Amino acid sequence: MADVLIADVLIAVCALVLLMVAVGLLSVLRGPTRADRMMAAQLFGTGGIAALLLVGTASGVDSVVDVALTLAVLAAFASVAFVKADRQSEGDTANEEGT
Amino acid sequence: MISAISVGIGILLLALALWTVVVRDTFAAVAGFIPYGLLLTLAWLVLRAVDVALTEAAIGAGLTGALLIRAASRLHPAEAAAQAEAPGPATRVAAGVAATAVAAVIAVCLLRLPDPAPTLAPEVARHIPATGVGNPITAVLLSFRAIDTLLEAIVLLFGVVGVWSLAPDRCWGGRPGLAQAVGPNDILVYLARVLPPIGVVIGIYIFWAGADHPGGKFQGATVIAAMWLLVMMSGLRDAPPVSRRWLRVVLVLGPAVFIALGLLGALTAGAFLAYPDGWAKLWIIVIEAALLPSLAVTLVLLMVGPPQRPEVGP
Amino acid sequence: MKTAADVFTIVAMLGGLFFFVAGTLGLLRFPDTYTRLHALTKADNLGLGMVVVGLLPQAGHLVVALKLIVVWLLVMLTSSDVSQLIARAARRQEKES
Chain A
1 MADVLIADVL
11 IAVCALVLLM
21 VAVGLLSVLR
31 GPTRADRMMA
41 AQLFGTGGIA
51 ALLLVGTASG
61 VDSVVDVALT
71 LAVLAAFASV
81 AFVKADRQSE
91 GDTANEEGT
Chain B
1 MISAISVGIG
11 ILLLALALWT
21 VVVRDTFAAV
31 AGFIPYGLLL
41 TLAWLVLRAV
51 DVALTEAAIG
61 AGLTGALLIR
71 AASRLHPAEA
81 AAQAEAPGPA
91 TRVAAGVAAT
101 AVAAVIAVCL
111 LRLPDPAPTL
121 APEVARHIPA
131 TGVGNPITAV
141 LLSFRAIDTL
151 LEAIVLLFGV
161 VGVWSLAPDR
171 CWGGRPGLAQ
181 AVGPNDILVY
191 LARVLPPIGV
201 VIGIYIFWAG
211 ADHPGGKFQG
221 ATVIAAMWLL
231 VMMSGLRDAP
241 PVSRRWLRVV
251 LVLGPAVFIA
261 LGLLGALTAG
271 AFLAYPDGWA
281 KLWIIVIEAA
291 LLPSLAVTLV
301 LLMVGPPQRP
311 EVGP
Chain C
1 MKTAADVFTI
11 VAMLGGLFFF
21 VAGTLGLLRF
31 PDTYTRLHAL
41 TKADNLGLGM
51 VVVGLLPQAG
61 HLVVALKLIV
71 VWLLVMLTSS
81 DVSQLIARAA
91 RRQEKES
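Residue numbers (the numbering used here), protein chains in the order written: chain A, 1 to 99; chain B, 1 to 314; chain C, 1 to 97.
Worth flagging that the hints you see were computed from the coordinates, not collected in a lab.
Interface residues of chain B toward chain C, partial, derived using beta-carbon atoms under 10 Å:
no., residue
1, 188
2, 191
3, 194
4, 195
5, 198
6, 199
7, 202
Note that the structure is a prediction, hence the values are computed from the model and not measured.
Backbone N, C-alpha and C fix where the C-beta goes; we use that ideal spot for every residue, glycine too.
Excised from the complex, chain A in its bound form (with noise of 0.2 Å):
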């Protein structure tokens, strides 16, 4: 009884956590600069996850804290990437200045 309660918290949590995303992305993707745009992935990071930890823990999947370690590695990857491919698009791949 009491766990179909926590199930559907989790899921309301879940759903007001994705449409925060949603917003979120919404605010992002139109960022005039190109840093805004790369907190997209970023963006993910961490909502999307939250979001991905909440729907696996309420439908009972257990492995879902697997698919989680990969896409926080992974995120973190892409975000990484991003920021390469613009140091290099503005030609600068030398030392940063400053600590």
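Chain A is fixed; fit chains B and C onto it per the hints.
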């Protein structure tokens, strides 16, 4: 309750897809493609296809996104010229009609699918214990349809050779990619030092878990490949020249072991890629362990591109 | 015991939701890239952290709970790094134009 989430994911997917197609700047399009891939991971999870979700997260979002953004940045100088050539109205109408026709055919086929769908799943489920692995996906990929997995590994190898063939003659056998300069205070170098050990452990864990839980060599290899790519992108280590012997041995090791065990199966169990009774799990583990490094190296080489710097003498 | 765990989960979820909403609000309302980056990395990460903490009692196995914590730590490590990289990229783009 879950259907509300499914609907939400569906709407968001469509919106993102539309945006990716419509937006003018390639960088922005790829920036929209990566969340699209990650959202698909969520969709697969809601459909309870966890192995597919893992693969989508690894390949669909991570590697493909990185591949696209590198391609976009290489094509950047030519982008303005490409956008200036606008197709005429006749071409646009023809493209629209063709796209609508394809969509209509797919929709009709989907609506007329037979209702108890013809499936081999009960048969497969009956024979899974004979393979010794608990994960039905692994059982299908490495036992019932092992020939498909073998051919896929060989096709990837051909892909690598195809990518290498794009190198200019003088660079054949040289190092892929451009040289990266490393600044000592660069944050990227810090990440490339700290993340790969963790990532490699996660990759090997996912490969190992694939026997009885969702996972497997392909997703594990992708995570490991992403970590090596991170090290190369940060400039910490240079890409190895593709003429190196160890590189080529590792590339070929996986398919070679697979074929060798297949022939051994032909001798001992009567058919190519048949496993003798009771040995199935061990053979599957050996094949997967051999394929893991091969796949990782293959994916890295596919991502990093053809050799662009000639290798100076030995 | 089960109800205590459930109450803890619900409270943590609400906390996490609050931070997610705050982060998205910041993303929408803050004026420039740097401040938006702050909102995104700090608030959303805290939201994820509270969600993970809330899911810990619901985990079936100890191993699953440990993996959940690893996910959270991993996301904290990578997002702090990536946000620095994005900020430097933004600064570089500012200098170009």
